[in-house]
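Student: Based on the hints, put chain Y in the right spot on chain P.
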Amino acid sequence: MGFFEIPAFLQQMLAEGRLGDKTKQGFYRKTKGADGTKTIEALDLRTGSYSVQSKTKFPLLDPIKQENDLRKRIKALIQMPDKGGEFLRQTFARNLRYASLRIPEICEAPFEMDEAMEAGFGWELGPFALWDAIGVREMSQLMTLYGETPALWVTEMLASGLDSFYENKEGELWCYHPGLGRRIQVPHRERIVDLQLLKPTKVVWSNSGCSLIDLGQGVLNFEFHTKMNSIGGEVIAGFRKSVELAEKDFAGLVISNSSSVFSAGANLGMVFMLAAEQEYDELDMAIRAFQSFTMLARLSKVPVVVAPKGLTLGGGCELSMHADGVQAAAETYVGLVEVGVGVIPGGGGTKEFALRLSDRYRQGDVEYNALSQVYMNMATAKVATSAMEAKAMGIFRETDRISLFEDHRIAQARDWVLEMAATGYKPPSMRQDIRVPGKAGMALLLAGVNGMHMGRYISDHDRLIAQKLAYVLCGGDLSYPQLVSEQYLLDLEREAFLSLCGERKTLERIQHMLKTGKALRN
Amino acid sequence: MNAYILTGLRSAVTKAPKGGFRFTRPDDLAAEVIRQLLAGLPQLDPVRIDELIVGNAVPEAEQGMQMGRIISLLALPKEVPGMVVNRYCGSGLESIAIAAQRIHCGMADLVLAGGAESMSMVPVMGWKTALNYNIAQTHGDYYTSMGLTAEMVAQEFGITRDEQDAFAISSHAKAVAALENGRFKAQIAPIQVDEVYVDERMKKQKRTSIVDTDEGPRRDTSMEALAKLKPVFCPRWYGNRRQFFTDIGRSSLCPCRVRTNGPRIGCRTLGPHGFVCNPRCGAPNHGHRTGSRCSSGLEQSRLANQRPRTNRIKRSFCRPIPGRHPTIGSEPRNRQPKRWCHRLGTSPRLFGGQTQLATFA
Chain P
1 MGFFEIPAFL QQMLAEGRLG DKTKQGFYRK TKGADGTKTI EALDLRTGSY
51 SVQSKTKFPL LDPIKQENDL RKRIKALIQM PDKGGEFLRQ TFARNLRYAS
101 LRIPEICEAP FEMDEAMEAG FGWELGPFAL WDAIGVREMS QLMTLYGETP
151 ALWVTEMLAS GLDSFYENKE GELWCYHPGL GRRIQVPHRE RIVDLQLLKP
201 TKVVWSNSGC SLIDLGQGVL NFEFHTKMNS IGGEVIAGFR KSVELAEKDF
251 AGLVISNSSS VFSAGANLGM VFMLAAEQEY DELDMAIRAF QSFTMLARLS
301 KVPVVVAPKG LTLGGGCELS MHADGVQAAA ETYVGLVEVG VGVIPGGGGT
351 KEFALRLSDR YRQGDVEYNA LSQVYMNMAT AKVATSAMEA KAMGIFRETD
401 RISLFEDHRI AQARDWVLEM AATGYKPPSM RQDIRVPGKA GMALLLAGVN
451 GMHMGRYISD HDRLIAQKLA YVLCGGDLSY PQLVSEQYLL DLEREAFLSL
501 CGERKTLERI QHMLKTGKAL RN
Chain Y
1 MNAYILTGLR SAVTKAPKGG FRFTRPDDLA AEVIRQLLAG LPQLDPVRID
51 ELIVGNAVPE AEQGMQMGRI ISLLALPKEV PGMVVNRYCG SGLESIAIAA
101 QRIHCGMADL VLAGGAESMS MVPVMGWKTA LNYNIAQTHG DYYTSMGLTA
151 EMVAQEFGIT RDEQDAFAIS SHAKAVAALE NGRFKAQIAP IQVDEVYVDE
201 RMKKQKRTSI VDTDEGPRRD TSMEALAKLK PVFCPRWYGN RRQFFTDIGR
251 SSLCPCRVRT NGPRIGCRTL GPHGFVCNPR CGAPNHGHRT GSRCSSGLEQ
301 SRLANQRPRT NRIKRSFCRP IPGRHPTIGS EPRNRQPKRW CHRLGTSPRL
351 FGGQTQLATF A
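For the record, the sequence lines run as chains P and Y.
The numbering of the first sequence is the numbering used here, which starts it at 1 and goes up by one.
The numbering of the second sequence is the numbering used here, which starts it at 1 and goes up by one.
Extracted from the complex, chain P is given alone in its bound form:
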C-alpha cells in the first residue's frame, strides 16, 4: 500500500490495450464518420465502453471565473458546494499536506518551496501562498476531516497563534520558519518590488482607476488597475495628479502594475459611445486629453520610467514611447494596433514615430526605407513579441532597458529614475524641429497601399485607414520635406482619428473588439 496504487479501471485499460494515441484509443477515442467528420468519444470508466462526450456544466463556476485575483478566486472555488468543489477540496487537501510533509526533507521553510514552484512550474502562487489564501486554519480542519492531517509543524504554528505562513510587515515579506519556530524576513528579495505587498501601507493617493504607491527612496509608482488596464478618464486624471505630487516632493515616477496585461490601450468603450452618438466635439476633447496624458509622461519635470510586462498595446504602447525611459520585462508584447479597430494611433504614437524617423535622419540618407518599414509595422498592427524585438522595430529605443527577470523591473526602474535625477535630468520640451517628408514620402506609401489593394491583400476600408496613416506619418501633403512641430503632428493625428470615427466600418470594428476581444477586418 503506497501513494501510487494503480486503480482498477486503469488496470483494466492496460489489460484491454487501451494505451492511448499509439493504440488509437485510451481515455478518448477519435472516430471518423462516413462523411469525414471527426468525433471524440470518451471512455465511460464504469461500463468500459466508449460513448460520445457529454458536456459537463458547472454553473457555479461562471461568476467565479470573472474574478481576476487568484487569492479571492481560490477561496471561492474551494467553497463551491457541488462535486467540482469537492474535487478541488480533496485534491488540494492531499496536495498541501504533501507539500507540508516535505519540510524539512527538501527545504527548511515554506517560501523556498513556493519560490521553486512559482519559478520552475509556473504556479502563480506556491502551495503555501495558496494555503494562506484559502485560510490556513479552515483548510487544516478540512484536511483533518479527510484524514489528510497536515505536518506537525503546521499545527504547532497555528497553536502558537499565527494564522498564516506569510505576513506583510510594512511592505516587507515575512514567513514562518518551522526550524526556528517563528517568522523571518524572506531573504533575497532586495531586487523585488511587489506592489501588492506595498499597497496596504504605502498608497499616497488613489482613485477608482489608479493608485500612487511610495516605492521608497523618493520614487513613486503610478499603477492603474482597470479592466484590461485600459486607460480612461480616471487614469488620465490620476496621472495628472501623480505628476503634480511627484514634481513637488519626489525624485521621479515609475509607471507599472503587476498584471500580465500592462495595458490594452485607451478605453475603447468611451470612444465607441461618443463616436456612435456622433458627439465629435466631446470625442475631440477626449483625444486631446489622451494626447496630453502621453505628453505629460514626456514633459513632466521629473523623470518618468515605464516598466511594462506582458500585453502593452495601443495607448499602453504610446505611453511607453513617451516616457523618459522604458524598463521592460523581456516578455513584453508591445505594438500599435489601432488599425485593427479602424483608427490610427491617435495618442501620440504616429507622431512619435515621425519624430524618431526624423532624429535618425542624416544628411544624404535615403529616408524612405526606414519610413516604409515603420509604416508597414503600424499599417499591419504588428506587435513585437519581446522587448528585444520591440527595439528592432523602433518601439523601444536603443537606450531603453530590458529586465530578464521581470520581477526585478520595478526596482530597476526605480533605480533608473534616481540615476536620471542625480545626473542632471533636463525635462524635454515640445519639439519644433521634426523633419517630415511630405508628398514624396506619401507617394511611396500610397503606391504600396494601391499594390496591396490590387493584390486583394487589403479591403477598401483597410486602404482608407492606411491612406490616412500615411498622411499623418509624412506630415501631410507638403511639397518638400520641412520641419514641423510636435503639436502640428498631434493635430493631424486627431483629425485623422476623428474622421475615421465617422466611418461606419470603423464603428463596426470597435464594436467587434469590445464584444469579442478580436479584431475585425471589414
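What the hints contain is simulated information worked out from the structure, not anything from laboratory work.
There's no promise every hint is true.
[Claimed, not checked] Pairs of lysine to any residue, SDA-like flavour, derived with a Cα cap of 20 Å:
{"#": "1", "chain 1": "Y", "residue 1": "LYS128", "chain 2": "P", "residue 2": "VAL366"}
{"#": "2", "chain 1": "P", "residue 1": "LYS24", "chain 2": "P", "residue 2": "SER49"}
{"#": "3", "chain 1": "P", "residue 1": "LYS515", "chain 2": "P", "residue 2": "MET270"}
{"#": "4", "chain 1": "P", "residue 1": "LYS199", "chain 2": "P", "residue 2": "LEU125"}
{"#": "5", "chain 1": "Y", "residue 1": "LYS128", "chain 2": "P", "residue 2": "SER479"}
{"#": "6", "chain 1": "Y", "residue 1": "LYS15", "chain 2": "Y", "residue 2": "ASP194"}
{"#": "7", "chain 1": "Y", "residue 1": "LYS128", "chain 2": "P", "residue 2": "GLN373"}
{"#": "8", "chain 1": "P", "residue 1": "LYS241", "chain 2": "P", "residue 2": "PRO427"}
{"#": "9", "chain 1": "P", "residue 1": "LYS169", "chain 2": "P", "residue 2": "VAL203"}
{"#": "10", "chain 1": "P", "residue 1": "LYS83", "chain 2": "P", "residue 2": "ARG73"}
{"#": "11", "chain 1": "Y", "residue 1": "LYS128", "chain 2": "P", "residue 2": "PRO481"}
{"#": "12", "chain 1": "Y", "residue 1": "LYS128", "chain 2": "P", "residue 2": "ARG360"}
{"#": "13", "chain 1": "Y", "residue 1": "LYS230", "chain 2": "P", "residue 2": "GLY451"}
{"#": "14", "chain 1": "Y", "residue 1": "LYS128", "chain 2": "P", "residue 2": "GLY448"}
{"#": "15", "chain 1": "Y", "residue 1": "LYS128", "chain 2": "P", "residue 2": "GLY364"}
{"#": "16", "chain 1": "P", "residue 1": "LYS382", "chain 2": "P", "residue 2": "GLU331"}
{"#": "17", "chain 1": "P", "residue 1": "LYS24", "chain 2": "P", "residue 2": "LEU45"}
{"#": "18", "chain 1": "P", "residue 1": "LYS72", "chain 2": "P", "residue 2": "ASN168"}
{"#": "19", "chain 1": "P", "residue 1": "LYS301", "chain 2": "P", "residue 2": "LEU245"}
{"#": "20", "chain 1": "P", "residue 1": "LYS57", "chain 2": "P", "residue 2": "LYS83"}
{"#": "21", "chain 1": "P", "residue 1": "LYS202", "chain 2": "P", "residue 2": "LYS241"}
{"#": "22", "chain 1": "Y", "residue 1": "LYS128", "chain 2": "P", "residue 2": "ARG362"}
{"#": "23", "chain 1": "P", "residue 1": "LYS65", "chain 2": "P", "residue 2": "ARG89"}
{"#": "24", "chain 1": "Y", "residue 1": "LYS185", "chain 2": "Y", "residue 2": "LYS230"}
{"#": "25", "chain 1": "Y", "residue 1": "LYS230", "chain 2": "P", "residue 2": "ALA42"}
{"#": "26", "chain 1": "Y", "residue 1": "LYS128", "chain 2": "P", "residue 2": "SER372"}
{"#": "27", "chain 1": "P", "residue 1": "LYS22", "chain 2": "P", "residue 2": "THR39"}
{"#": "28", "chain 1": "Y", "residue 1": "LYS230", "chain 2": "P", "residue 2": "ARG456"}
{"#": "29", "chain 1": "P", "residue 1": "LYS515", "chain 2": "P", "residue 2": "ARG504"}
{"#": "30", "chain 1": "Y", "residue 1": "LYS128", "chain 2": "P", "residue 2": "GLY438"}
{"#": "31", "chain 1": "Y", "residue 1": "LYS128", "chain 2": "P", "residue 2": "GLY451"}
{"#": "32", "chain 1": "Y", "residue 1": "LYS128", "chain 2": "P", "residue 2": "ARG435"}
{"#": "33", "chain 1": "Y", "residue 1": "LYS230", "chain 2": "P", "residue 2": "TYR457"}
{"#": "34", "chain 1": "P", "residue 1": "LYS30", "chain 2": "P", "residue 2": "ALA42"}
{"#": "35", "chain 1": "P", "residue 1": "LYS382", "chain 2": "P", "residue 2": "ASP462"}
{"#": "36", "chain 1": "P", "residue 1": "LYS505", "chain 2": "P", "residue 2": "MET270"}
{"#": "37", "chain 1": "Y", "residue 1": "LYS128", "chain 2": "P", "residue 2": "GLN482"}
{"#": "38", "chain 1": "Y", "residue 1": "LYS128", "chain 2": "P", "residue 2": "LYS83"}
{"#": "39", "chain 1": "P", "residue 1": "LYS75", "chain 2": "P", "residue 2": "ASP163"}
{"#": "40", "chain 1": "P", "residue 1": "LYS241", "chain 2": "P", "residue 2": "VAL203"}
On a predicted model such as this, the values are computed, not experimentally measured, just so you know.
Tutor: Below, chain Y without anything else, positioned relative to chain P:
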C-alpha cells in the same frame, strides 16, 4: 542601308541573390564578355567599333556612372564611346534596335550593343524609390508591378493556373534538354570568378570558379510541385510562381554587332536585322502590351521590299500561352530548343530579347 547582326555572346544567367555572379559587378561582367567576343573575331580591329550601347534597367550604384562608357573603357579602345539605355524589360533589345537604326540611317557602320544587369547588387526599384505623388493619388495603376500586371493579363485572357503550370513545365523541360545537349555552349562566354573570403577561423582564403552554365532551368519540377507553390503577387487570382524575378538574377551581356554593306569584316553574319517597332501600349500599367500589331513597321518593311520578320520578340513581362491572343507574345517557332529564353519568362532583365536575336540564324 542594311544592318546585319554579325555575332553574339553572353554570360551564363545565374540566380539572385545567391548565384554564381552574386558578387560580380555587371560592368566587369560585360567587359569580360566583350573581350571574349572580340577574341572570337580576330579579323576585326576593335577601334572600328563606332560605339557601345548597353541596356540596363536600374542604372545606379554598381550599374551607375553611365556604365556604357565605363564598360567601353574597360573592354574597348578609348576611342569607342558608350551609352546606357533604359527601357526596363526591353533595355537590351532596345539597345540593339538603336544600333540598327544608327546603321540604317548611316550614322554608324559598326555598333556593339546588348545589356548587363545585376539583380543581386541593386534592388529592383533602386535604392531610392521616389514616386510621383499625383500619380500615386489619381492613377495608381501606372505603378502596377510586373507581377500584378501578369495576374491581370492572366485574368483578362482566362489563362488558368493549370495552363500556366503546364507551360512552365514544358518550358523547363525544353531548357533542361537544351542544356544537356550543350545547345548553349556556343553562345555562352565562360567567366572566371575569383573569390576572396574569410573562413571560419578568420583566415583569408581565395578560390576560383568558372561560371558557364545557366542556373534557372529545373530538372526537378513537376505539376505537383508547382501546384504547391502559392501565387506571389495576388493570393486570389490565378498567377503561378513559375520562376519570378525574385529568384532570377544575375547579369549577362549579349552584344550583337550590326553591320552595313560597307567594309567587310570577313565573317558570316547571322542575318539581316529588320525593322523593330514597339507595339502600342494598351492599358496604362506598364507591363501590359495588348493592342495593335506592329503595323507601321510591317508597312515600312513592305515598302522597303523586305520580307517582314515574323518573329516579334516579346519584351514584356507576361508570357501568355501561345495561341491565346494573337497580339501578345511570340510563337516559339518550331519549338526550337534554342528559343528557351522565354522560359526565363518573367524577368525583363533576362535579356530574352537579345538572346533571341543572337540565336536566330
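Student: For the pair supplied as a hint, LYS515/P and MET270/P, confirm whether the alpha-carbon distance does not exceed 20 Å.
Tutor: Between LYS515/P and MET270/P the Cα gap is close to 14 Å, so the pair holds against 20 Å.
Student: Between the alpha carbons of LYS22/P and THR39/P, is the straight-line distance 20 Å or under?
Tutor: 18 Å, holds
Student: Can you confirm whether the C-alpha distance between LYS230/Y and TYR457/P stays at or below 20 Å?
Tutor: 14 Å, holds
Student: Is it true that the CA of LYS128/Y sits at most 20 Å from the CA of VAL366/P?
Tutor: Cα-Cα ~6 Å, so holds.
Student: Checking one constraint from the list: CA of LYS15/Y to CA of ASP194/Y, max 20 Å. Satisfied?
Tutor: 18 Å, holds
Student: For a C-alpha distance cap of 20 Å, please report whether LYS128/Y and GLY451/P respect it.
Tutor: Holds, at about 18 Å.
Student: Check the hint pairing LYS382/P with GLU331/P against an upper bound of 20 Å on the C-alpha distance.
Tutor: 16 Å, holds
Student: Between LYS128/Y and SER479/P, is the straight-line Cα distance small enough, at 20 Å or below?
Tutor: Roughly 18 Å separates the two Cα atoms, so the pair holds.
Student: LYS75/P and ASP163/P: Cα distance at most 20 Å?
Tutor: Status holds; Cα separation ~16 Å.
Student: Does the structure keep LYS230/Y and GLY451/P at a Cα separation of 20 Å or less?
Tutor: 18 Å, holds
Student: Tell me if the straight-line CA distance from LYS515/P to ARG504/P falls inside 20 Å.
Tutor: Answer holds: LYS515/P to ARG504/P is near 16 Å, not above 20 Å.
Student: Verify the proposed pairing of LYS72/P with ASN168/P, using a straight-line Cα cut of 20 Å.
Tutor: 17 Å, holds
Against the hints set out earlier in the document, violations occur for numbers 24, 25, 38.
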